[in-house]
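S.K.: Residue numbers (the working numbering), protein chains in the order written: chain A, 1 to 103; chain B, 104 to 583; chain C, 584 to 750.
I should point out that these hints are in silico values taken from the structure, not numbers from a laboratory. Everything numeric in this text was worked out from a predicted model, so none of it was measured. Cβ atoms here follow ideal geometry from the backbone N, Cα and C, with glycine treated the same way. Wrong hints could be hidden among the right ones.
[Unchecked claim] Label-pair ranges, simulated between beta-carbon atoms:
1) B:Leu-109 / C:Arg-716: 22 to 28 Å
2) B:Ser-361 / C:Gly-689: 39 to 45 Å
3) C:Gly-648 / B:Arg-196: 25 to 31 Å
4) B:Asp-451 / C:Leu-695: 41 to 47 Å
5) C:Lys-746 / B:Arg-196: 41 to 47 Å
6) C:Leu-695 / B:Leu-384: 37 to 43 Å
[Unchecked claim] Result set (EDC-like, lysine to aspartate or glutamate): computed pairs, CA atoms no more than 20 Å apart in a straight line:
7) C:Lys-696 / C:Glu-634
8) B:Lys-171 / B:Glu-447
9) C:Lys-746 / B:Asp-249
10) C:Lys-696 / B:Glu-447
11) C:Lys-589 / C:Glu-634
12) B:Lys-520 / B:Glu-566
13) B:Lys-171 / B:Asp-249
14) B:Lys-535 / B:Asp-451
15) C:Lys-746 / B:Asp-201
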Amino acid sequence: MLIPTSHILVVSAGLFALGLFGALTRRNAVGILMSIELILNSANLNLIAFSRSWGTQQADLQVAVLIVIGIAAAGAVAGLALILAISRHRQTIQADEIKELKG
Amino acid sequence: MVTAILPELLLTAGAIVLLLLPFLRSARSLVPLSFALIAVAAAIPVGLLLRGHSLGGALFSGVFMFDKLTFFFQELILLSVGLVVMTVAGDARSGLRDRREFYCLLLLTTVGLLLMPGAQNLVLLYLALELVSVLSYLLSGFKKQDGLSVEAALKYLLFGLLSTGVLLYGISLIYGLAGTMDIRAIPVEALRQSPAVTLAALILLAVGFGFKLSLVPFHGWAPDLYEGAPAPVVSFISVAPKIATFAVLIRLFMVWLSPIADLWAILFSFLAVITMTVGNLAALPQTNLKRLLAYSSIAHAGTMLIGLAAGTAFGAGALAYYAVAYLLMNTGLFMAVTAMESAEGRSDLAVYSGLAQREPTMAALMAVCLLSLGGIPPLAGFFGKMWVFGAALKGNLAWLAVAGAVNSVIAAFYYLKVVKTLYLDPLPAGCKPIPCVESLCFGMSFCVVMLFVLGLWQGPLLEILRLVIPSQLPPGSVPW
Amino acid sequence: MEFAAKIGFYGVAAATLAGAWFTVSARNLFRAALGLALALFGVAGLFLYMEAEFLAAVQLLVYVGAILTLMIFGIMLTHRIADPNLKKWNRQSGRAGIVSAVIGVGLSAIFLKASWNQSGADFPPVPVPFLGRAILTTQLLAFELLSLLLLGALVGSLYIARKEKRC
Numbered sequence: 001m002l003i004p005t006s007h008i009l010v011v012s013a014g015l016f017a018l019g020l021f022g023a024l025t026r027r028n029a030v031g032i033l034m035s036i037e038l039i040l041n042s043a044n045l046n047l048i049a050f051s052r053s054w055g056t057q058q059a060d061l062q063v064a065v066l067i068v069i070g071i072a073a074a075g076a077v078a079g080l081a082l083i084l085a086i087s088r089h090r091q092t093i094q095a096d097e098i099k100e101l102k103g
Numbered sequence: 104m105v106t107a108i109l110p111e112l113l114l115t116a117g118a119i120v121l122l123l124l125p126f127l128r129s130a131r132s133l134v135p136l137s138f139a140l141i142a143v144a145a146a147i148p149v150g151l152l153l154r155g156h157s158l159g160g161a162l163f164s165g166v167f168m169f170d171k172l173t174f175f176f177q178e179l180i181l182l183s184v185g186l187v188v189m190t191v192a193g194d195a196r197s198g199l200r201d202r203r204e205f206y207c208l209l210l211l212t213t214v215g216l217l218l219m220p221g222a223q224n225l226v227l228l229y230l231a232l233e234l235v236s237v238l239s240y241l242l243s244g245f246k247k248q249d250g251l252s253v254e255a256a257l258k259y260l261l262f263g264l265l266s267t268g269v270l271l272y273g274i275s276l277i278y279g280l281a282g283t284m285d286i287r288a289i290p291v292e293a294l295r296q297s298p299a300v301t302l303a304a305l306i307l308l309a310v311g312f313g314f315k316l317s318l319v320p321f322h323g324w325a326p327d328l329y330e331g332a333p334a335p336v337v338s339f340i341s342v343a344p345k346i347a348t349f350a351v352l353i354r355l356f357m358v359w360l361s362p363i364a365d366l367w368a369i370l371f372s373f374l375a376v377i378t379m380t381v382g383n384l385a386a387l388p389q390t391n392l393k394r395l396l397a398y399s400s401i402a403h404a405g406t407m408l409i410g411l412a413a414g415t416a417f418g419a420g421a422l423a424y425y426a427v428a429y430l431l432m433n434t435g436l437f438m439a440v441t442a443m444e445s446a447e448g449r450s451d452l453a454v455y456s457g458l459a460q461r462e463p464t465m466a467a468l469m470a471v472c473l474l475s476l477g478g479i480p481p482l483a484g485f486f487g488k489m490w491v492f493g494a495a496l497k498g499n500l501a502w503l504a505v506a507g508a509v510n511s512v513i514a515a516f517y518y519l520k521v522v523k524t525l526y527l528d529p530l531p532a533g534c535k536p537i538p539c540v541e542s543l544c545f546g547m548s549f550c551v552v553m554l555f556v557l558g559l560w561q562g563p564l565l566e567i568l569r570l571v572i573p574s575q576l577p578p579g580s581v582p583w
Numbered sequence: 584m585e586f587a588a589k590i591g592f593y594g595v596a597a598a599t600l601a602g603a604w605f606t607v608s609a610r611n612l613f614r615a616a617l618g619l620a621l622a623l624f625g626v627a628g629l630f631l632y633m634e635a636e637f638l639a640a641v642q643l644l645v646y647v648g649a650i651l652t653l654m655i656f657g658i659m660l661t662h663r664i665a666d667p668n669l670k671k672w673n674r675q676s677g678r679a680g681i682v683s684a685v686i687g688v689g690l691s692a693i694f695l696k697a698s699w700n701q702s703g704a705d706f707p708p709v710p711v712p713f714l715g716r717a718i719l720t721t722q723l724l725a726f727e728l729l730s731l732l733l734l735g736a737l738v739g740s741l742y743i744a745r746k747e748k749r750c
């Protein structure tokens, strides 16, 4: 069955906007990381939808999505390591309570 | 094919060896080994070229382009990383220099940086950029006993992951329009047919790259990171990734997307103006030298962006010239910051007052770097600005050149303020002399000598740039 | 059958977006993590609809299996999750909400209007061996680079997260 590409794109635009909203407004660092995962997922959806619509290079694009998933894992690991190091110093991880540094 | 990535292979092997050899426990062995690895990696392609090997062209099914542009920027990146290793050797306080994990990550990051200028495939480009970014987040959090430093690193990571996510979304839109990830094969007519999507994709790409270049309004992470992270790491993050990103922009926008230059040139001109202005104005009231340098590096990125916005071979050459000058003056200055941070533990401007009485040589070297950053002739920084503004004038962007010139005046003001602190302010009582580390003295002297050489004797570098800049670019009346 | 499949698709899409909404809006971060799980499952379902079965499996294994677990570890490390006094969003949430809504609606409008390459042909799905071939040929350099990224992330994270004896 063929889903129109644009319908998948609308879902991905929604995911992207929600992820952006979360990343801009969440106060907790883990919350921001989770929102960023939504953005990466929306881009992955786009990539697969377009690879279906072009028909060429489908395997390359699927591998690209695998790579993006790997990168997401590496980014999450790095973020969690930093959060762990900070939690040794203080009790809370509220992103905007990190006030010692001014913006 | 393998000879083209010999430097990358060497650095990878070196990074793993550094981790595994049990006797590498102090800076005494780690610094020379890393420096030797980087020097050999830089020498390999030069040696191969001299022995008559040709550059490889498009390699690995066309994803990696090893041409003169790639080669030039790779050498610049290796020079920058080599100087950073010398900086780390002089960092006595943070304890970084005795950690082999630090050198391992630095070398792995360098591999990513080396692949960026040659990346011809958007997937490889994104991956190399993420390799550099993720490892930079970790490097900037390496001073883990300092809560402030780790918090700045976390902020950098959250900003960074968000903007590279946005970049990936932009890449996916480009693929949707073009049907290919190979940037040579992007059919420009397809981009023209859907201007709305193309514009959205370009803006998303600009967000991603703008973060790496710390362009306003994506610069929020920079001041905190510069203040919180150890000085050698800041020196690294402020130069090498920016140079690699500019190389990517030259290849992606100036070479392959030049037919739709009308769409992106205005975007980059706009970004350049607000970045320069906000960076320079925010730098004025700063009282911490590292924070001041954060805003100064933001402003410099904005100035370099003018060369990109010009869209001509002249602009690309001016941008590359500026990158060389920026590398030397910024790294040289950060060596002094590292020495002071090791001696005093902080980098407020107050610490630097009267430095000329305390350490006359160091103050003089620092002053040259500062004057070059401020665009005072006859140093290389001045000519970098001159070429960039010249490119803007020739590219019918006179308003950009004027905005840049006004900004240079503001910038000269705050750099001169620091020079005044060094020379005219009184020395606080009870200061000890700063212990001299050979690598820092040598590195700073090298940077300063090169700033004079490039300023007074421009021919060779201009000649090299003329060879390096791809011939597909519109010439824009090249002056050399 | 066709109709049922279509309904199924829109159901999965709605579940994905609902999960995403939970992820960004739930006050309790554990609920947010459950919302993220729903969204990730939904994306895996959409992958299935686009006949990328292998990706759907990897999505479940890596995202739901590994990354989500990491996130939950992270949540447990950050205390005060259930504190009722804690505002869930920061000061800028109003502005950010408007900006995100404009971006989402704008992108959707652009996407619906744009002329995408829709050949209409039903391309055969890619057999998994082709993915392996792509990894070892066209995407070889990227694949090797990814292993460097994972190695570096591992080394750096272990160093940063490890407890030093002296501190």
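S.K.: Take the C-alpha atoms of C:Lys-746 and B:Asp-249, compute the straight-line distance between them, and say whether it is at most 20 Å.
M.R.: Measuring from Cα to Cα gives roughly 13 Å; hence the hint holds.
S.K.: Would the hint linking C:Lys-696 and C:Glu-634 be met if the CA-CA limit is 20 Å?
M.R.: 25 Å, violated
S.K.: Check the following: the C-beta atoms of B:Ser-361 and C:Gly-689 are separated by a distance inside 39 to 45 Å.
M.R.: Violated, at about 27 Å.
S.K.: Should the hint that C:Gly-648 and B:Arg-196 are 25 to 31 Å apart at their CB atoms be regarded as holding?
M.R.: 42 Å, violated
S.K.: CA of B:Lys-171 to CA of B:Asp-249, is that 20 Å or under?
M.R.: The given pair, whose Cα atoms are some 43 Å apart, is violated under the 20 Å limit.
S.K.: Does B:Asp-201 sit within 20 Å of C:Lys-746, going by the straight-line distance between their CA atoms?
M.R.: Between C:Lys-746 and B:Asp-201 the Cα gap is close to 17 Å, so the pair holds against 20 Å.
S.K.: How does the Cβ-Cβ distance of C:Lys-746 and B:Arg-196 compare with 41 to 47 Å: does it lie in that range?
M.R.: Check failed, 21 Å falls outside 41 to 47 Å.
S.K.: 22 to 28 Å was suggested as the range; check whether the CB atoms of B:Leu-109 and C:Arg-716 agree with it.
M.R.: Once the Cβ atoms are compared, 26 Å apart, the range 22 to 28 Å for C:Arg-716 and B:Leu-109 holds.
S.K.: When you check the alpha-carbon spacing of C:Lys-696 and B:Glu-447, does it fall within 20 Å?
M.R.: The given pair, whose Cα atoms are some 61 Å apart, is violated under the 20 Å limit.
S.K.: Does B:Lys-520 pair with B:Glu-566 here, judged by a C-alpha cut-off of 20 Å?
M.R.: 35 Å, violated
S.K.: Taking 20 Å as the top limit, are the C-alpha atoms of C:Lys-589 and C:Glu-634 close enough?
M.R.: 14 Å, holds
S.K.: Take a quick look at whether B:Lys-171 and B:Glu-447 sit within 20 Å of each other, Cα to Cα.
M.R.: Measuring from Cα to Cα gives roughly 44 Å; hence the hint is violated.
In the structure shown, a violation is registered for the earlier hints numbered 2, 3, 4, 5, 7, 8, 10, 12 and 13, in ascending order.
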